[in-house]
Amino acid sequence: MFLKRITIQNFRGIQEMELNLAQPSGNRKQTLIIGENGTGKTNLLRAVALVMGGSDALAELLNTPDDWISFGAPFCQLSATLLTQAGEERSIQLTINRGDTLKGIVLANQDQLAEIDAALAHATQNYFVVGYGSLRRLNRSTGFSRGGETIFRQARATNVATLFNQEALLNPLNTWAMEVDYRTNGKGLDIIRQSLNDFLPAVKFHSIDKEKGHLIFLYGSTQVPLHLLSDGYQNMIGWLGDLLYRISSAFNDYQSPLKAHGLLLIDEIDLHLHPKWQRKVLDYIRHKLPNLQLIATTHSPLLAQQAQEHELYALKRTSRGKIALEAFRGTPDRLLLHQLLLSPIFDLETDESLAVEELKKQYESLKRRKDPPQGKLHYLATQIEQLPQNQRSNMNYGNDQLDLLREIKSELKARRDS
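First residue of the sequence shown? That's 1 in UniProt numbering, and the numbers climb one at a time after it.
Because the hints were derived from the structure by calculation, they are not lab data. Model, not experiment: these values are computed from the prediction. Worth double-checking, as some hints may not be accurate.
[Claimed, not checked] Straight-line C-alpha distance at most 20 angstroms; calculated EDC-like pairs for lysine to aspartate or glutamate:
id, residue 1, residue 2
1, 187, 211
2, 280, 326
3, 316, 268
4, 29, 283
5, 4, 326
6, 280, 333
7, 4, 309
8, 360, 385
9, 316, 16
10, 367, 385
11, 280, 268
12, 316, 36
13, 4, 117
14, 322, 117
[As the list claims (entries may be wrong)] Restraint-style ranges between C-beta atoms, simulated for each label pair:
id, residue 1, residue 2, range
15, 220, 299, 27 to 33 angstroms
16, 210, 26, 41 to 47 angstroms
17, 95, 331, 48 to 54 angstroms
18, 18, 198, 33 to 39 angstroms
Don't be surprised by glycine CBs; every beta carbon is placed ideally from N, CA and C.
Let the hints inform the model, and build the full structure from the sequences given.
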């Protein structure tokens, strides 16, 4: 299954939007979406999860139906085009009219959701979708505790629980690992090692302490239980452990979970990740989970820099207040970080600090006066001259900034020579 297109109308502030996931070279496996807070990144992921959920999951995920409809609109509509493994297109649609009950919504959309409902009735792993919200909390209890089930009961709803409810919990990594070890008669260590070792920098999986139910990792030469690793490590592998558990459960496959086909949604994928890890997470998913289609959101320019051609999009609010989706023109992973930051997709005018930017604004403001205070002007000019000014050949530096630096240098030289 491949999600080819999603169209959104009147959905929580998104008036009209289409995300096309096909590209000239074929089906796009990874899509990264950036945008300022409030532009609808999370709601875009929720829209995908809702229309792909099937009738049984809708009743749990929708909760209060009118809340999904944009203020003042009479209805919202989500449409998706799917591509099967046989290359056949399938269309599904979900319409919510203001005032509809949950039962009424399911009944009214029976025909539009027939394609996905029929597929799910045939095999529950069809159109497999799993999603993670920005608040990804681990279930800290021991044993075979299950995340999400206390919030939702239907399997497809629990698979995206944290996208819709901040109280939902993730299945901890040890839950999956212990079950793999049990189901494979103790032969699952290689599967666990293969899944984890490339994902955790400086830490390697070592063994399972079956008596205590702990995973043991090697940090250098020291053995450390999973729960004693830093919060950064635990947050990093939180969604991965839950993902592996859900794949194994849905496909009943404890031998090769990394080969599963489906759709992975992650909100703020860079959350809690050190910059070094941010640079590697897309590559990990691309190579370790090659059959999962990824749609993720981020605020991180470091992570956006790892996107390939056609993979990066930005949600922006137009001058009329509407939310628009813009594709990045170019190849992010061929750019230097400052080039990406100063491109239209991030809308930054400079990569300098706010302090430096303010310093230059003060200088320019004083220069425009008829009789500027020379002492203050000289002080600001000296401060600016002392800043690092190694211009890179690929620097996206405006002509006005270069003119300002030349002017300051010229004036300071004239003062020294006089």
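Hints, one by one, checked against the model:
Simply put, residue 187 and residue 211 have alpha-carbon atoms about 17 angstroms apart, close enough for the 20 angstroms limit, and the pair holds. Restraint check for residue 280 and residue 326: not satisfied, since their Cα atoms lie roughly 25 angstroms apart, outside the 20 angstroms limit. Taken as a hint, the residue 316 and residue 268 pair is honoured in the structure, with Cα atoms around 17 angstroms apart against an allowance of 20 angstroms. Our distance criterion of 20 angstroms between C-alpha atoms is met by residue 29 and residue 283, whose separation comes to about 12 angstroms.
Simply put, residue 4 and residue 326 have alpha-carbon atoms about 17 angstroms apart, close enough for the 20 angstroms limit, and the pair holds. A distance of roughly 12 angstroms separates the Cα atoms of residue 280 and residue 333; the hinted pair therefore holds under the 20 angstroms criterion. Distance hint between residue 4 and residue 309 is fulfilled; the C-alpha atoms sit about 17 angstroms from each other, no more than 20 angstroms. Pair hint residue 360 plus residue 385 holds up; C-alpha atoms about 11 angstroms apart against a cutoff of 20 angstroms.
With a CA separation close to 13 angstroms, the supplied pair residue 316 and residue 16 stays within the 20 angstroms bound. Proximity of residue 367 to residue 385 is assessed by CA-CA distance (about 16 angstroms); at most 20 angstroms being required, the pair is judged to hold. Proposed proximity of residue 280 and residue 268 is supported: the alpha carbons are some 15 angstroms apart, at most 20 angstroms. Taken as a hint, the residue 316 and residue 36 pair is honoured in the structure, with Cα atoms around 7 angstroms apart against an allowance of 20 angstroms.
Our distance criterion of 20 angstroms between C-alpha atoms is met by residue 4 and residue 117, whose separation comes to about 18 angstroms. A threshold of 20 angstroms between alpha carbons decides the hint, and for residue 322 with residue 117 the separation of about 33 angstroms lies outside it, so the pair is violated. A C-beta distance of roughly 32 angstroms is found between residue 220 and residue 299, which places it inside the suggested range of 27 to 33 angstroms. Here the CB-CB span from residue 210 to residue 26 is close to 45 angstroms, well matched to the stated 41 to 47 angstroms.
Evaluation of the 48 to 54 angstroms hint for residue 95 and residue 331 yields a failure: the beta carbon distance comes to about 38 angstroms. The hinted window of 33 to 39 angstroms between residue 18 and residue 198 holds, with their beta carbons roughly 35 angstroms apart.
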